[in-house]
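Number of protein chains: 2
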Amino acid sequence: MINTENSLILHGPVAYSRGPDELITFEDAYAVCVNGVSEGVFESLPEEYRGLPVEDVRGKLIIPGLVDLHIHAPQYQFRGIGMDMELLPWLASYAFPEEARYADIDYAAAAYAMFVKELRHSATTRACVFATAHKAATLKLMELLEESGLVTFVGKVCMDRNVPDYYVESTEGSLSATGEWLSEAEKAGFLNTHPIITPRFTPACTRELMRGLAELSREYAVPVQSHLSENLSEIELVKELEPDTSCYADSYVRAGLIRKDCPSVMVHCVWSGEEELSILKENGVFIAHSPESNINLCSGAAPVKKYLEAGLNTGLATDVAGGSSTSMFSAIRNAVFASKLRFRLYDGSVKPLTFSEAFYLATKGGGAFFGKAGSLEKGYMFDALILDESRIPTMRTDMNIAERLERFVYLGHDNDIAGKLVCGKKLFWK
Amino acid sequence: MINTENSLILHGPVAYSRGPDELITFEDAYAVCVNGVSEGVFESLPEEYRGLPVEDVRGKLIIPGLVDLHIHAPQYQFRGIGMDMELLPWLASYAFPEEARYADIDYAAAAYAMFVKELRHSATTRACVFATAHKAATLKLMELLEESGLVTFVGKVCMDRNVPDYYVESTEGSLSATGEWLSEAEKAGFLNTHPIITPRFTPACTRELMRGLAELSREYAVPVQSHLSENLSEIELVKELEPDTSCYADSYVRAGLIRKDCPSVMVHCVWSGEEELSILKENGVFIAHSPESNINLCSGAAPVKKYLEAGLNTGLATDVAGGSSTSMFSAIRNAVFASKLRFRLYDGSVKPLTFSEAFYLATKGGGAFFGKAGSLEKGYMFDALILDESRIPTMRTDMNIAERLERFVYLGHDNDIAGKLVCGKKLFWK
Chain Z
8 MINTENSLIL HGPVAYSRGP DELITFEDAY AVCVNGVSEG VFESLPEEYR GLPVEDVRGK
68 LIIPGLVDLH IHAPQYQFRG IGMDMELLPW LASYAFPEEA RYADIDYAAA AYAMFVKELR
128 HSATTRACVF ATAHKAATLK LMELLEESGL VTFVGKVCMD RNVPDYYVES TEGSLSATGE
188 WLSEAEKAGF LNTHPIITPR FTPACTRELM RGLAELSREY AVPVQSHLSE NLSEIELVKE
248 LEPDTSCYAD SYVRAGLIRK DCPSVMVHCV WSGEEELSIL KENGVFIAHS PESNINLCSG
308 AAPVKKYLEA GLNTGLATDV AGGSSTSMFS AIRNAVFASK LRFRLYDGSV KPLTFSEAFY
368 LATKGGGAFF GKAGSLEKGY MFDALILDES RIPTMRTDMN IAERLERFVY LGHDNDIAGK
428 LVCGKKLFWK
Chain S
8 MINTENSLIL HGPVAYSRGP DELITFEDAY AVCVNGVSEG VFESLPEEYR GLPVEDVRGK
68 LIIPGLVDLH IHAPQYQFRG IGMDMELLPW LASYAFPEEA RYADIDYAAA AYAMFVKELR
128 HSATTRACVF ATAHKAATLK LMELLEESGL VTFVGKVCMD RNVPDYYVES TEGSLSATGE
188 WLSEAEKAGF LNTHPIITPR FTPACTRELM RGLAELSREY AVPVQSHLSE NLSEIELVKE
248 LEPDTSCYAD SYVRAGLIRK DCPSVMVHCV WSGEEELSIL KENGVFIAHS PESNINLCSG
308 AAPVKKYLEA GLNTGLATDV AGGSSTSMFS AIRNAVFASK LRFRLYDGSV KPLTFSEAFY
368 LATKGGGAFF GKAGSLEKGY MFDALILDES RIPTMRTDMN IAERLERFVY LGHDNDIAGK
428 LVCGKKLFWK
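Chains Z and S supply the protein sequences, listed in that same order. Residue 8 is where the first sequence starts when you use our numbering, and the numbers rise one by one after that. Residue 8 is where the second sequence starts when you use our numbering, and the numbers rise one by one after that.
Take the hints with a grain of salt, since some may be wrong.
Same chains, same label: a pair holds when it works inside one copy or across any pair of copies.
[Stated by the list, open to error] Below, simulated DSBU-like cross-link-like pairs (lysine-lysine); rule was C-alpha separation at most 35 angstroms, straight line:
1) K358 x K313
2) K142 x K385
3) K194 x K124
4) K246 x K432
5) K246 x K385
6) K267 x K385
7) K246 x K358
8) K142 x K267
9) K313 x K437
10) K437 x K358
11) K379 x K267
12) K437 x K385
13) K379 x K194
14) K288 x K437
15) K437 x K124
16) K267 x K432
Quick caveat, the hints were computed from the structure, so don't treat them as lab data.
Using the sequences provided together with the hints, build the complete structure.
Structure (structure tokens):
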């Protein structure tokens, strides 16, 4: 049975990643979606799909939806300011005071509506989202995201130490609120909006809290997200706070938050050593590389090419508001930027990311956290963007699809997206 | 006598730089322009200016026009592609073949019209521009720029070695074409479009050519622009080609192209040593810092904070198409990005650029090459931009002007410029 609501054909130039070094391109092809899932991309349309509606987007570019593995929804309100600070003072000056405001559900509803509106019109089709510590505001965010048509994991943030009094939770309070939140989220019956256990990061979470959260992640069978090895001062602090751990990741392992039977995203991994990388690899952890944030907060630049070569699960993230921009195109550029300066100025043994690799990170790399997402290959959930290059004129008529895509990523803007689909359903179409 | 064509008052929030660490802001002020020149910015309007027309732009932001100290007009056509290459192969694969096309004046006219249209609508009010080796095409570009209302220095590029046969000039041919071009440009009587002597860079110019160009710069009293110490392989090549020089800059000194009585812009200075910096300082040379280009081509990151502290003349540049974007907002961001990664990964003794410093580079820093330009202080040529923040919503109502400006630079787009003036004349007004 073909459902006409989420079955269609996009006709035009297509680009998607099969692997980090395999950017697959078609000058003129048919991307076929049946019941929300890709049937593949064909140079001539197979007979069996002739009855499906066709959207002719020749002259534009068809690519998979982009996947943002880490974004702080409440921090959207102060994106792009306070860029002269590093992580710990920046949290105290900007992040904590803003997040605390979400105790007020009316503020939260208005602020999150603004955030979701932008995300809906952005290049992002799927995202892993940090909310705040507040249960009601987090449920509100989930409602709004569910209405948007985006596919997301959303986490109520948990923290019981080293956070200002006006925002810190008690261990017990954090655990009980998280349990209630998981139960209410389950009852809400969201289709595309999933809860994810979200300890802020080890400096802000006692072992007891983290153990309790690990239990909840088992009980409700939900994944985990947190921050890891972002900033050198932060890493020093973890060493002091958790003297029995062999590395920062080990603090999550000991609490049961990184484990083989639980999908997880660890954000940053700028300074992860070999032991930490082994832990991530063994447990199938996803690394959310956040290049703009790592630059803005003077954290550094993760050796992402090495992670790809080592076969670690790696995706890309905006990390608003450590990163200023919700645009995943911007994240792709910044991933290449950071890798180039790291190569030239710090470690010539880790080569820069190629454009193809950075595009892979933003699509299939991070998409894998959602299952078969981030590609237009057969069997993948049909998330797609239609890119309009008309605002980037050139005399060139000989560009191939890879060059057109690279140019769009460098010079295009989320406003230049002419259409966006998630699982074959149009979120918008200009 | 007050000329009504270029006299007006802008009423709204204002920000401009007095110095690298002095961002001057007004919540609600009057920026007064009489006959194209700033009379200053006032919190209440002095009696004497009451007769001037007032543009009410409260709710928007008024800043000085931005100055792009280096951009290659012909390379605009391939901006944003070929980002996986370093300088020398990139020149051979992209820059030289494209520039060679400008031998065809019809192609040049169409391509330059496209470039000038974008520049006119960009944040740039003044620029130092490289054209190609072709005299006719360069004059065409100057005509188009003159019509645009922008203020520019434009150079016919000169080069007589290490450039493909299809594009290289003979020494004599380059000099005679440059002489003719200078003479014709003089006759054209442009008001805002000035010629500038433009040897491509030492690897592409014999000493004989450079000496001849130095003579022409004296004869026609025109300034000089070229590239300097961008890439490590390029610097090695200069050492081989010019064994009698003590550093790369010395190759220009020996030819008479860097000298005290001649204003000049040297682009990049990523790897300039102490001796080279002394030469630049002694001769008042302007450094055109091109952060995006230096990142894209894996050149490195210049220690710009050090240059500012040493009192070197320093401005900012897009360097299209080494840089992908014509946006000077993007250049400001990238200047901060590059300085932060350089600080964290390479040399902790040179602190990152603050936002204020990067904004200064893009305004008054580079503006000084044009005389009193790049500020709204009294006596400065009245170049201004009106920034519309409406596409960057936030719940925040407590941001100060510096925060609003920073946010715009991080998240705004050249399309969000609501008005642009050069010497008090409107280039556009939305």
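Going down the list of hints, with the structure as the test:
no.: 1; hint: K358 x K313; result: both (8 angstroms within a copy, 28 angstroms between copies)
no.: 2; hint: K142 x K385; result: neither (39 angstroms within a copy, 54 angstroms between copies)
no.: 3; hint: K194 x K124; result: within (25 angstroms within a copy, 56 angstroms between copies)
no.: 4; hint: K246 x K432; result: neither (47 angstroms within a copy, 60 angstroms between copies)
no.: 5; hint: K246 x K385; result: neither (46 angstroms within a copy, 55 angstroms between copies)
no.: 6; hint: K267 x K385; result: within (28 angstroms within a copy, 67 angstroms between copies)
no.: 7; hint: K246 x K358; result: both (30 angstroms within a copy, 27 angstroms between copies)
no.: 8; hint: K142 x K267; result: within (28 angstroms within a copy, 68 angstroms between copies)
no.: 9; hint: K313 x K437; result: neither (40 angstroms within a copy, 48 angstroms between copies)
no.: 10; hint: K437 x K358; result: neither (39 angstroms within a copy, 45 angstroms between copies)
no.: 11; hint: K379 x K267; result: within (20 angstroms within a copy, 65 angstroms between copies)
no.: 12; hint: K437 x K385; result: within (26 angstroms within a copy, 47 angstroms between copies)
no.: 13; hint: K379 x K194; result: within (26 angstroms within a copy, 66 angstroms between copies)
no.: 14; hint: K288 x K437; result: neither (42 angstroms within a copy, 54 angstroms between copies)
no.: 15; hint: K437 x K124; result: both (16 angstroms within a copy, 25 angstroms between copies)
no.: 16; hint: K267 x K432; result: within (34 angstroms within a copy, 66 angstroms between copies)
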